[in-house]
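Engineer: Each chain, written out:
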Amino acid sequence: MSAHSTHDTCAHCEHHHELRVDGLAVSYRKTRALENVSFSTLCGNALALVGPNGAGKSTLLKALAGLLRPDCGTILWRGAPIGRWSREIAYLPQRESVDWNFPITVRGVVEMGRYPQVGWWRGFKSKDDQAVQSALDAVEISSLQHRQIRELSGGQQQRVFLARALAQEAHALLLDEPFTGLDRPSQEALAATLRRLAAEGRLVIASHHDLKTVESIYDQVLLLRRKMIAFGTVANTFSKENIATTYREAGKEVA
Amino acid sequence: MPWLDEFLQHAFNRRALLAALLIGFTNGYVSAFIVLRKSALRVGSLSHALLPGIALAVMVAGLTEWSAFLGALFAALFIGLGSLAVSRGSRLDQDSALAILYTAAFSGGIILLRRIGVTQELDHWLFGNIMGLRDTDLWTTFWISAFALTLLTALHRPLLMVMFEPEVAATLGVPVRALNYLLLGTMIVVLISSLQAVGCILALGLLVTPAATLYLLTNSTQWLFWGGALLGALCATSAILLGWWLNLEQGPTIVLLLGLVFVLAFLGSPKYGLLARLRKNA
Numbered sequence: 001m002s003a004h005s006t007h008d009t010c011a012h013c014e015h016h017h018e019l020r021v022d023g024l025a026v027s028y029r030k031t032r033a034l035e036n037v038s039f040s041t042l043c044g045n046a047l048a049l050v051g052p053n054g055a056g057k058s059t060l061l062k063a064l065a066g067l068l069r070p071d072c073g074t075i076l077w078r079g080a081p082i083g084r085w086s087r088e089i090a091y092l093p094q095r096e097s098v099d100w101n102f103p104i105t106v107r108g109v110v111e112m113g114r115y116p117q118v119g120w121w122r123g124f125k126s127k128d129d130q131a132v133q134s135a136l137d138a139v140e141i142s143s144l145q146h147r148q149i150r151e152l153s154g155g156q157q158q159r160v161f162l163a164r165a166l167a168q169e170a171h172a173l174l175l176d177e178p179f180t181g182l183d184r185p186s187q188e189a190l191a192a193t194l195r196r197l198a199a200e201g202r203l204v205i206a207s208h209h210d211l212k213t214v215e216s217i218y219d220q221v222l223l224l225r226r227k228m229i230a231f232g233t234v235a236n237t238f239s240k241e242n243i244a245t246t247y248r249e250a251g252k253e254v255a
Numbered sequence: 001m002p003w004l005d006e007f008l009q010h011a012f013n014r015r016a017l018l019a020a021l022l023i024g025f026t027n028g029y030v031s032a033f034i035v036l037r038k039s040a041l042r043v044g045s046l047s048h049a050l051l052p053g054i055a056l057a058v059m060v061a062g063l064t065e066w067s068a069f070l071g072a073l074f075a076a077l078f079i080g081l082g083s084l085a086v087s088r089g090s091r092l093d094q095d096s097a098l099a100i101l102y103t104a105a106f107s108g109g110i111i112l113l114r115r116i117g118v119t120q121e122l123d124h125w126l127f128g129n130i131m132g133l134r135d136t137d138l139w140t141t142f143w144i145s146a147f148a149l150t151l152l153t154a155l156h157r158p159l160l161m162v163m164f165e166p167e168v169a170a171t172l173g174v175p176v177r178a179l180n181y182l183l184l185g186t187m188i189v190v191l192i193s194s195l196q197a198v199g200c201i202l203a204l205g206l207l208v209t210p211a212a213t214l215y216l217l218t219n220s221t222q223w224l225f226w227g228g229a230l231l232g233a234l235c236a237t238s239a240i241l242l243g244w245w246l247n248l249e250q251g252p253t254i255v256l257l258l259g260l261v262f263v264l265a266f267l268g269s270p271k272y273g274l275l276a277r278l279r280k281n282a
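Chains as they are written, first to last, in my numbering: chain A, 1 to 255; chain B, 1 to 282.
Don't read these hints as lab results, they were simulated from the structure. Values in this document were obtained by computation on a predicted structure and should not be read as measured data. Treat the hints with caution; some may be incorrect.
[Unchecked claim] Think about it this way: if two alpha-carbon atoms lie no more than 16 Å apart in a straight line, the pair counts; the simulated EDC-like pairs of lysine to aspartate or glutamate are:
| hint | chain 1 | residue 1 | chain 2 | residue 2 |
| --- | --- | --- | --- | --- |
| 1 | B | Lys271 | A | Glu188 |
| 2 | B | Lys38 | A | Asp99 |
| 3 | A | Lys212 | A | Glu188 |
| 4 | B | Lys38 | B | Asp123 |
| 5 | A | Lys227 | A | Asp71 |
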């Protein structure tokens with residue numbers, strides 16, 4: 001066990017964990033969905049993936065989560081290739097992809113995050129229950145823990161995913177369109193939560209479609225339209241030219 | 001109750017009661033998986049696909065419980081994998097491919113069974129013959145039930161994760177594909193074990209209705225599984241007694257009882273029932 005396995009953030013560490021992507025290309029069946037993606041980022045950052053629909057944002061997130069096998073290129077997390085799965089990387093799918101009628105409570109979903117620790121059969125020890133409880137507390141859904149998941153608002157549902165990632169003790173969170181379908185107050189609360197998680201030393205990577213809010217939530221941005229257009233700090237990279245390049249070409253193809 | 005004493009005096013009644021208990025309980029438990037996966041139609045196709053397998057096996061090896069069992073298993077695998085191959089190799093979706101393959105196979109099964117001179121058996125395979133079970137049939141049912149319940153209970157945690165969100169389950173290290181095959185395989189074996197009781201047409205009712213009823217009553221996963229099992233066992237055993245008392249066919253009575261309980265839940269469920277919804281809107 002590494003020293004990192006005992007706590008869930010790397011704010012306490014000397015050096016930050018690095019995610020390094022080199023020359024990544026991914027295909028669905030025979031269609032190339034993503035190519036030429038190279039960037040590296042550190043724990044403590046909030047990174048927005050920005051681009052038009054079909055630009056490959058979800059594909060990139062799934063590749064980072066180990067769900068898709070790249071055609072070529074490498075994804076290194078803390079210097080090692082990511083495997084098919086990792087406890088340290090949590091994937092949070094789009095809310096629409098989930099069956100919210102599933103008969104499970106909020107706590108039940110969050111407890112799934114402990115699977116890497118408890119495995120197939122082992123019962124929950126007090127350490128596991130504590131991790132689940134503090135995850136629920138961290139995103140302020142403790143009072144909802146016995147509700148069926150359908151009975152939550154969109155913002156609360158997104159928090160359930162976040163709590164599961166925290167119960168998993170993940171260092172890196174990969175979120176697919178977390179703000180989609182949320183009302184304004186929920187969006188603001190979620191933005192604050194994501195910023196806090198990054199400030200605590202986690203790496204937050206989210207696909208994001210609302211250009212107006214990128215600057216207030218994230219500190220890094222990756223502009224994407226099947227190829228990587230630009231990557232860097234929001235201050236330097238999220239420029240009018242780069243945004244225009246990302247979206248203008250897409251508009252031409254659609255027209 | 002003198003009629004109950006008389007009922008229990010007959011060995012075939014005792015065997016039927018025991019078989020109903022085992023099959024009802026196991027099918028009820030497994031039905032939760034089918035309801036959560038929303039795969040009732042697929043399982044229905046597979047249950048029909050068992051018939052030609054049984055017919056072929058009886059033709060080749062004669063009628064023993066093992067030849068019928070292996071034939072059914074082979075047919076289910078053939079149709080299941082065949083539909084997958086057709087959908088991957090063409091524009092058709094898997095459900096359409098399944099429908100084509102299983103109706104064709106089912107028709108072939110009916111023609112075959114009539115030709116090989118087991119016509120009186122055909123009804124048994126179609127609608128079940130729970131009153132005609134032998135001790136060896138009971139043992140087969142017992143071992144299948146024990147195997148399925150042990151396996152699915154042991155793997156309950158990862159299986160639930162796969163059914164809830166397969167992608168997230170995969171990122172947490174759950175072997176999603178292996179578990180999906182294992183679950184399908186177990187469903188097929190359980191389906192085969194219920195054939196003798198209710199036949200391949202009615203088997204689907206026993207394998208869907210119990211948990212579907214509980215789904216309208218509870219939000220607890222534990223209740224969905226174990227409540228489904230209890231409801232399956234209760235309806236199946238009641239049907240045997242009721243069938244004796246009122247002189248009804250036991251197999252169809254099982255499925256009919258389950259259907260009635262479902263209608264009650266559909267109307268009267270405190271949370272998700274029709275009446276509750278009407279009252280809320282009023």
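Engineer: Each hint should be assessed against the structure and marked as holding or not.
Structural biologist: Checked hints:
no., hint, in the structure
1, Lys271/B with Glu188/A, "violated, 33 Å"
2, Lys38/B with Asp99/A, "holds, 11 Å"
3, Lys212/A with Glu188/A, "holds, 13 Å"
4, Lys38/B with Asp123/B, "violated, 29 Å"
5, Lys227/A with Asp71/A, "holds, 14 Å"
Violation of the numbered hints given earlier is confined to hints 1, 4; the remaining hints are satisfied by the structure.
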